[in-house]
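Residue numbers (the working numbering): 4 to 58.
Just so you know, not all the hints are guaranteed correct.
[To be verified] With a Cα cut of at most 20 Å, we get these calculated SDA-like pairs of lysine to any residue:
1. 22 - 55
2. 42 - 55
3. 38 - 57
4. 42 - 58
5. 22 - 43
6. 42 - 57
7. 22 - 4
8. 16 - 5
None of these hints come from the bench; they were simulated from the model.
It should be emphasised that the depicted structure is a prediction, and the values quoted were computed from it without experimental measurement.
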Amino acid sequence: MEPIALSVSDAVKASGLGKTTLYEAMADGRLETRKVGRKRLILTRSLRRLIEGEV
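Work out the full structure: start from the sequences and follow the hints.
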């Protein structure tokens, strides 16, 4: 079972994308995120869509 959300550092490792690329995608709305406490989590389904080019 895959996780529902990933930290930014885990998303970098899982996707092979750079941290700056992920932050830019979060800023322009291409990546769905949730804030839990002080931590920003990237929804796995959103990361998959970004990589597959659906966003």
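Taking the hints in turn, this is what the structure says about them:
no.: 1; hint: 22 - 55; result: 18 Å, holds
no.: 2; hint: 42 - 55; result: 25 Å, violated
no.: 3; hint: 38 - 57; result: 23 Å, violated
no.: 4; hint: 42 - 58; result: 24 Å, violated
no.: 5; hint: 22 - 43; result: 13 Å, holds
no.: 6; hint: 42 - 57; result: 26 Å, violated
no.: 7; hint: 22 - 4; result: 25 Å, violated
no.: 8; hint: 16 - 5; result: 14 Å, holds
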